[in-house]
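Chemist: Chain residues, written in single-letter form:
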Amino acid sequence: MDSIIKLSPGVRVRKEAFGLIFYDAKKSDITLVRSAEVVLPGHLDGTYTWASLIKLQPAEKQKSVAQLLESLKQKGLVCEQPLS
Amino acid sequence: MNNRLVDNTLSAPITVTWEITTKCNLSCIHCLSSSGVKLAELTTAECFNLVDQLAELKVFRINFGGGEPFIRDDFMQLLDYANGKGIITCVSTNGTMLDEKLVDSFKKWGEDNFFIQVSLDGASKETNDRIRGKGTFEQINRAVKLLAGAKLEFTINTVLTSVNYGELMDLYRYAEANDAKLRVSRLRPSGKGKENWSRLALSREQMENFPKFLNAHNDVLTGDSFFFLTTESRQNLGLNMCGAAKLTCSIAPDGKIYPCPFLQETEFEAGDIRKKNFSEIWTASSILEMFRHRNVDACKSCYRLDSCHGGCPAVGYFVSKTLSGPDPECIVNRSGNC
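Heads up: the protein sequence lines correspond to chains A and B, in order.
Heads up, the first sequence is in my numbering, so the first residue is 1 and it goes up one at a time.
Heads up, the second sequence is in my numbering, so the first residue is 85 and it goes up one at a time.
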């Protein structure tokens with residue numbers, strides 16, 4: 001079932017020349033992601049669902065974007081919110 | 085973390101440390117800021133303007149310190165303003181000005197957006213008061229109880245010195261008993277810490293034993309203080325390199341910008357926000373650029389260079405008067421030992 005993807009509480013993100021930089025306030029930790037232009041901070045503001053964000057990408061990039069999002073979820077940087 | 089990506093200038097710092105005032109009601113013997121020195125501090129309007137600039141650049145977090153931040157009448161206003169702009173705030177306080185009403189008011193920003201740390205330099209009254217001043221243990225203890233009672237997440241910060249080293253385990257237990265985390269910070273020879281360095285610095289034996297304590301207590305925070313001795317098992321617990329000029333910088337009470345709070349010397353002044361905007365200073369300052377590409381020549385062949393990135397340049401500078409030497413307290417590369 002699809003769900004909304006958004007930043008986890010206490011996590012911030014911004015775009016840098018190399019990709020994205022995430023900051024986890026609770027851990028005082030940063031994560032650097034070479035995301036090119038495929039995932040942008042605006043994609044993680046709670047307006048996209050997991051599936052819609054992947055579909056936004058060119059077909060050849062969908063698999064790697066799905067892997068990237070899964071990896072961000074594993075690190076606790078993004079979370080899922082059920083569709084209401 | 086590999087620092088290659090951040091060696092090239094980020095669009096803005098991740099965090100800034102903002103020493104909002106030098107005024108303080110205490111006179112701690114290790115204070116980094118030589119509190120009490122009179123500076124033409126930024127006005128409320130100037131502070132708001134700077135927050136606007138930091139928000140525009142998407143600086144994630146402001147770490148407010150001092151002096152004692154709560155001594156400024158407009159400090160709560162400033163916290164409100166920064167939080168309203170979406171910036172995470174963290175306050176380092178000596179705790180003496182906290183009361184129930186003030187502590188209660190912190191809750192409005194939410195636990196993910198506001199952090200507070202209270203300084204305590206000994207688990208016993210005798211030890212703490214020797215460093216922070218007579219009667220301060222009782223005052224700090226009262227502040228800790230207030231924060232714990234309010235169910236706020238908070239940190240107890242201890243600057244590790246030869247005076248309180250023996251109470252480290254008791255400090256850990258004290259924090260635990262009050263639902264707080266213990267953060268251990270490194271003594272830096274700046275401000276009053278410079279004057280008292282020889283009697284407060286850890287002995288070689290203490291420095292060599294401290295990693296054993298850290299390894300046994302993974303929940304103890306060290307911030308970016310101890311990367312020169314951080315073992316690989318703690319590398320994922322936070323920053324493992326000096327972030328000065330790469331990830332962070334310091335704002336002095338008068339609006340001058342420095343690579344870090346421990347290098348607030350005229351020769352390291354990167355700019356003045358009364359004369360230039362923050363973004364211009366961050367991207368164009370030759371001082372910050374020099375720090376981004378600092379070569380720690382003495383560590384080039386060390387097997388730990390990729391882990392510690394050469395340690396703390398501030399300690400190196402004040403002890404050895406060079407930025408390219410090894411961390412003087414390094415327990416591996418002893419060529420620069422003090």
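Incorrect hints may have been included.
In silico DSS-like links for lysine-lysine, alpha-carbon gap of 30 Å or less [claimed, not checked]:
| no. | chain 1 | residue 1 | chain 2 | residue 2 |
| --- | --- | --- | --- | --- |
| 1 | B | Lys265 | B | Lys296 |
| 2 | A | Lys75 | A | Lys55 |
| 3 | A | Lys75 | B | Lys235 |
| 4 | A | Lys6 | B | Lys359 |
| 5 | B | Lys142 | A | Lys15 |
| 6 | B | Lys191 | A | Lys75 |
| 7 | A | Lys73 | B | Lys278 |
To be clear, the hints were calculated from the coordinates, so they are not data collected in a lab.
Chemist: Compare the structure with each hint and give your call.
Modeler: Verification of the hints:
Simply put, B/Lys265 and B/Lys296 have alpha-carbon atoms about 18 Å apart, close enough for the 30 Å limit, and the pair holds. A hinted pair counts as satisfied when its Cα atoms are at most 30 Å apart, and A/Lys75 with A/Lys55 qualifies at roughly 23 Å. Between A/Lys75 and B/Lys235 the CA atoms are separated by roughly 26 Å; this keeps the pair inside 30 Å, and the hint holds. Under the criterion of a C-alpha separation no larger than 30 Å, the hint pairing A/Lys6 with B/Lys359 is inconsistent with the structure, at around 39 Å.
Only pairs whose Cα atoms come within 30 Å are accepted, and B/Lys142 paired with A/Lys15 is accepted, the gap being roughly 9 Å. Distance check on the hinted pair: B/Lys191 and A/Lys75 sit about 27 Å apart at the alpha-carbon level, within 30 Å; holds. For the proposed pair A/Lys73 and B/Lys278, the alpha carbon gap of about 45 Å is over 30 Å, so the pair is violated.
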